[in-house]
Every structure is written in structure tokens, then in C-alpha cells.
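Participant: So you can see what is in the structure, the chains are spelled out below.
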Amino acid sequence: MLKQNLPVDDLIACHSCDLLHDRTTLGDGEKAWCSRCGSLLYRTNNNAIEMSLALTIASLLLFLFAHLLPFLSIDIDGNKSTIYLISTIDSLSQLDNILMVIAGALFLVVIPLGVLLLDLLLLSALYSNRRPLTLFARQLLLLIGRVAPWNMLEIFLLGVLVTIVKLASIAEITLHQGFWAFVALVMINLFVSTTLEPEELWQAIDKH
Amino acid sequence: MAGHRQALTARQAGLAACHVCGKLQPCTAERHCVRCGSRLYQRKPFSVQRSWAFLVTALILYVPANLYPIMTTATLGEKDDNTIIGGIILLWSMKSYPVAVIVFVASIVIPLLKFLVISLLLLAIWKGHSGRLSQQTRLFRFIEYIGPWSMIDVFVVILLVALIRFGGIASVLPGPAAMAFAGMVIATMLSAISFDTRLLWDNE
Chain B
1 MLKQNLPVDD LIACHSCDLL HDRTTLGDGE KAWCSRCGSL LYRTNNNAIE
51 MSLALTIASL LLFLFAHLLP FLSIDIDGNK STIYLISTID SLSQLDNILM
101 VIAGALFLVV IPLGVLLLDL LLLSALYSNR RPLTLFARQL LLLIGRVAPW
151 NMLEIFLLGV LVTIVKLASI AEITLHQGFW AFVALVMINL FVSTTLEPEE
201 LWQAIDKH
Chain W
1001 MAGHRQALTA RQAGLAACHV CGKLQPCTAE RHCVRCGSRL YQRKPFSVQR
1051 SWAFLVTALI LYVPANLYPI MTTATLGEKD DNTIIGGIIL LWSMKSYPVA
1101 VIVFVASIVI PLLKFLVISL LLLAIWKGHS GRLSQQTRLF RFIEYIGPWS
1151 MIDVFVVILL VALIRFGGIA SVLPGPAAMA FAGMVIATML SAISFDTRLL
1201 WDNE
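One line per chain: the protein sequences are B and W, in this order.
Numbering (our numbering) for the first sequence: 1 to 208.
Numbering (our numbering) for the second sequence: 1001 to 1204.
It should be emphasised that the hints constitute simulated quantities derived from the structure, not laboratory data.
Among these hints, one or two may not hold up.
[Claimed, not checked] Chain B side only, calculated, beta carbon under 7 angstroms to chain W, not exhaustive:
{"hint": "1", "residue": "Tyr84"}
{"hint": "2", "residue": "Ile144"}
{"hint": "3", "residue": "Met152"}
[Unchecked claim] In silico lysine to aspartate or glutamate, DMTMM-like type, Cα no more than 25 angstroms apart, as pairs:
{"hint": "4", "chain 1": "B", "residue 1": "Lys207", "chain 2": "B", "residue 2": "Asp77"}
{"hint": "5", "chain 1": "W", "residue 1": "Lys1127", "chain 2": "W", "residue 2": "Asp1080"}
{"hint": "6", "chain 1": "B", "residue 1": "Lys80", "chain 2": "B", "residue 2": "Glu50"}
{"hint": "7", "chain 1": "B", "residue 1": "Lys31", "chain 2": "B", "residue 2": "Asp10"}
{"hint": "8", "chain 1": "W", "residue 1": "Lys1044", "chain 2": "B", "residue 2": "Asp28"}
{"hint": "9", "chain 1": "W", "residue 1": "Lys1079", "chain 2": "B", "residue 2": "Glu172"}
{"hint": "10", "chain 1": "W", "residue 1": "Lys1044", "chain 2": "B", "residue 2": "Asp90"}
{"hint": "11", "chain 1": "W", "residue 1": "Lys1079", "chain 2": "B", "residue 2": "Asp22"}
{"hint": "12", "chain 1": "B", "residue 1": "Lys80", "chain 2": "B", "residue 2": "Asp90"}
{"hint": "13", "chain 1": "B", "residue 1": "Lys207", "chain 2": "B", "residue 2": "Glu172"}
{"hint": "14", "chain 1": "W", "residue 1": "Lys1079", "chain 2": "B", "residue 2": "Asp77"}
{"hint": "15", "chain 1": "B", "residue 1": "Lys207", "chain 2": "B", "residue 2": "Glu197"}
{"hint": "16", "chain 1": "W", "residue 1": "Lys1079", "chain 2": "B", "residue 2": "Asp75"}
{"hint": "17", "chain 1": "W", "residue 1": "Lys1044", "chain 2": "W", "residue 2": "Glu1030"}
{"hint": "18", "chain 1": "W", "residue 1": "Lys1095", "chain 2": "B", "residue 2": "Glu200"}
{"hint": "19", "chain 1": "W", "residue 1": "Lys1044", "chain 2": "B", "residue 2": "Asp9"}
{"hint": "20", "chain 1": "B", "residue 1": "Lys31", "chain 2": "B", "residue 2": "Glu200"}
{"hint": "21", "chain 1": "B", "residue 1": "Lys80", "chain 2": "B", "residue 2": "Asp206"}
{"hint": "22", "chain 1": "W", "residue 1": "Lys1044", "chain 2": "B", "residue 2": "Asp75"}
{"hint": "23", "chain 1": "B", "residue 1": "Lys207", "chain 2": "B", "residue 2": "Asp75"}
{"hint": "24", "chain 1": "B", "residue 1": "Lys31", "chain 2": "B", "residue 2": "Glu172"}
{"hint": "25", "chain 1": "W", "residue 1": "Lys1044", "chain 2": "B", "residue 2": "Glu50"}
{"hint": "26", "chain 1": "W", "residue 1": "Lys1044", "chain 2": "B", "residue 2": "Asp77"}
{"hint": "27", "chain 1": "B", "residue 1": "Lys31", "chain 2": "W", "residue 2": "Glu1078"}
{"hint": "28", "chain 1": "B", "residue 1": "Lys80", "chain 2": "W", "residue 2": "Asp1080"}
{"hint": "29", "chain 1": "B", "residue 1": "Lys80", "chain 2": "B", "residue 2": "Glu172"}
{"hint": "30", "chain 1": "W", "residue 1": "Lys1095", "chain 2": "W", "residue 2": "Asp1081"}
{"hint": "31", "chain 1": "B", "residue 1": "Lys80", "chain 2": "W", "residue 2": "Glu1030"}
{"hint": "32", "chain 1": "W", "residue 1": "Lys1095", "chain 2": "B", "residue 2": "Glu50"}
{"hint": "33", "chain 1": "W", "residue 1": "Lys1095", "chain 2": "B", "residue 2": "Asp96"}
{"hint": "34", "chain 1": "W", "residue 1": "Lys1127", "chain 2": "W", "residue 2": "Glu1030"}
All residues carry an ideal CB built from backbone N, CA and C; glycine is no exception.
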């Protein structure tokens, strides 16, 4: 039933309702929406890759600060201790609850750090435009698409805030640099996820 | 808005937009995407069945997640079991109203809303109803976006378990509900990932 006369490369199908649209050239920062269901079709952002690369490098540094600098101090009846984010995993591993350790390590370290490193590899490859680097761009982007939905840093931040409120009645909490680095990291992550569309990256890969 | 000449879907035109990368291409059986190499489908395979299966799994896990304690606190030999609801009531009684509301919405309202919306949309596909499709699509995208926020309580338990260890006097242990709840959230996310909104529009 294929209609041979359709210019397939000049068309785009809405990912929510499957309606075909003509691709029109957009200006910098403009977006195209589906005329039937209102979902975002695609957008144009001329320096999306440069900007995302810069923000990814900043995020990686903030990720290191958040995990390696003191996160917060907890004072229960004069019993004061300073906590590092990375030591929560160590502390979990002292329980005999292997699922809890895996969940903690995955959601706190492995997935967020993995996504950042994959982003760094992909974006620097696309930015530098060198042949050996771009060879794996497809595989990188596929992997990012699979892992990214499970990146829950911003939800974890809300969890930290709820924990602080819960502990406030029995302990005195002081926030340190690691915590603020984490807040900045979440803000940047949210910003990057709203500017960077996978479609844009796929088109960049297609050009190579 | 991008123009569309004729109200034609990719499927009606014999085309398929890759589910992974979005590339539009002719679709014949047993094809792989020309751009990313993923298997090419016009609709997600067994979307309705998979979505139901994960939703039922989530619903089953929702029971132990709410009945069992999510954590046990021990202070000087005194053990105290905390359920999710108990934790919310405690926060409310501590006058931490905004936080109590956040946890209530994340742990109780969002999962229930997700069960309700996904099952209604799956029923609509099954019955061939086509109601207000734009609203249904937007509702689904909203549910899909807020789904992971239910994980807050699991993260709180992970943090409390880890933090209190340093305190000395008290100790917090995760309860069976913590993993049941995490499993429930993951199952609802998988249910949403399996759901194909295009099937709603196919009834139009």
C-alpha cells in the first residue's frame, strides 16, 4: 500500500498519533507541533550540541563535587558526623539487603554518571567531527535513549529534602558544598533535557 | 505548525517512524531501521498486552507496598514499624504540611492516578472508543512524566538508613515494602513505556 510518490525524507510522523507532516525549515529556537494532537514534532536550536557539551562537562564536575565533598552534617544529641553522598552506598552495603545496595548504587551513581559519560562521549564526538569518534555515535545514542528514562537525580534531590525535614525533629542538619553542587547539577540536568532533542542528535549523526 | 497536506498517518501511507530514533521510512515485514538498526514496527508489538501485564504486576506489588512497613526504626531497643501511610500521618502531625502533601501525592496519588489512567486508555483502545484524543494523549504524557516521582519515598528510606547509621543511638532498617514499592514504580514505568499512544488515534 506504499504510496510511491510520497517524499519520505521531507516528511515526519508525529510520535504520539502517527500523522504525517511536511518538514518545514524552522528558525533558530523555533518548534514544530503536531496539528492533530499537539505533541512536539521537532525543534531547531543552532548551537544545541556546543551548549549541551559545555553543560555536560559542567555537570560531570558538579557530580564529582557532589559525591566527593562533604554533603551534610548530622548532629544527634551532640553526636556529630559529616556525611559524603558516596558513603551512603558504603553504609547500605553493611546491611544484608543486596537489593537495597543495588538500587542505591544504580540510582545514585551508576545511571546518572553513566548517562553523563555517554553524553560527553557522544557530544564531543559530534562536536569534534573526527572520523574514529563518530563511528560509535549511533550505538552511544541508542544506549543513552535506553538508560535516560531511569535517571532520577531530580527525584532523589526531592528525597534528600524530605529526609532533611523528617530528621529535623531529632537531629540538627547542616548542609555543605556537596549538597549545593548536587542542587546545581539537578538544575543543569533539567535544563539540558529540555533543550536537547534526540531527533536533533540523530540528524547530526546522519550528516557524518 | 508544520503543514500537512492530507490527513494521512504513516501507517496509512505504508510508512513507519522508527520507535527508537523516529526516522520515517517504508515499512515491510522483518525490517530494521535504516538509521539506527532497531527493529522496525508501525505500532509497538503487543503494546496493549505488555502494558496490561506490567500494570497488573504493579497493582499486585502495590498491596505489600502499602501493608508492610517501609522501614523499621529502633531507638534504645524500642522497635517501631513505619508504613507509607504512617510516615505521611507522622509528617502531618509534625506540622510539616508541605512535605506531607508532597509524599502523599508522590506515594499514594500518582500510583493510583497511573493505574486509573493507563487502564482507562487501554480499555478505550480495546473497545474502539475515540473520545477526546488530544486530551487523552496529553494526559498520558503527563502520567508518563510524573510516574518516576513516586520513587521519593524509596530514596528517603535509602537516605535515612544510610544517614542514621552515623548517628549511633538510633538505627533504621529498610522494610519489605521498600523494595515492593520500588518494584511497583518500575513496573508502572515499564507499563507506560510499552503503551503506544498511536493506538488511541487508530480508532479515530
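Participant: Give a verdict on every hint.
Facilitator: Structure-based check of each hint:
no.	hint	verdict
1	Tyr84	violated, 10 angstroms
2	Ile144	violated, 11 angstroms
3	Met152	holds, 5 angstroms
4	B/Lys207 - B/Asp77	violated, 62 angstroms
5	W/Lys1127 - W/Asp1080	violated, 48 angstroms
6	B/Lys80 - B/Glu50	violated, 44 angstroms
7	B/Lys31 - B/Asp10	holds, 16 angstroms
8	W/Lys1044 - B/Asp28	violated, 33 angstroms
9	W/Lys1079 - B/Glu172	holds, 23 angstroms
10	W/Lys1044 - B/Asp90	violated, 41 angstroms
11	W/Lys1079 - B/Asp22	violated, 65 angstroms
12	B/Lys80 - B/Asp90	holds, 19 angstroms
13	B/Lys207 - B/Glu172	violated, 56 angstroms
14	W/Lys1079 - B/Asp77	holds, 20 angstroms
15	B/Lys207 - B/Glu197	holds, 16 angstroms
16	W/Lys1079 - B/Asp75	holds, 22 angstroms
17	W/Lys1044 - W/Glu1030	holds, 14 angstroms
18	W/Lys1095 - B/Glu200	violated, 47 angstroms
19	W/Lys1044 - B/Asp9	holds, 22 angstroms
20	B/Lys31 - B/Glu200	holds, 12 angstroms
21	B/Lys80 - B/Asp206	violated, 56 angstroms
22	W/Lys1044 - B/Asp75	violated, 52 angstroms
23	B/Lys207 - B/Asp75	violated, 57 angstroms
24	B/Lys31 - B/Glu172	violated, 48 angstroms
25	W/Lys1044 - B/Glu50	violated, 34 angstroms
26	W/Lys1044 - B/Asp77	violated, 57 angstroms
27	B/Lys31 - W/Glu1078	violated, 59 angstroms
28	B/Lys80 - W/Asp1080	holds, 24 angstroms
29	B/Lys80 - B/Glu172	holds, 9 angstroms
30	W/Lys1095 - W/Asp1081	holds, 21 angstroms
31	B/Lys80 - W/Glu1030	violated, 63 angstroms
32	W/Lys1095 - B/Glu50	violated, 47 angstroms
33	W/Lys1095 - B/Asp96	violated, 35 angstroms
34	W/Lys1127 - W/Glu1030	violated, 29 angstroms
When the structure is compared with the earlier hints, violations turn up for hints 1, 2, 4, 5, 6, 8, 10, 11, 13, 18, 21, 22, 23, 24, 25, 26, 27, 31, 32, 33, 34 and for no others.
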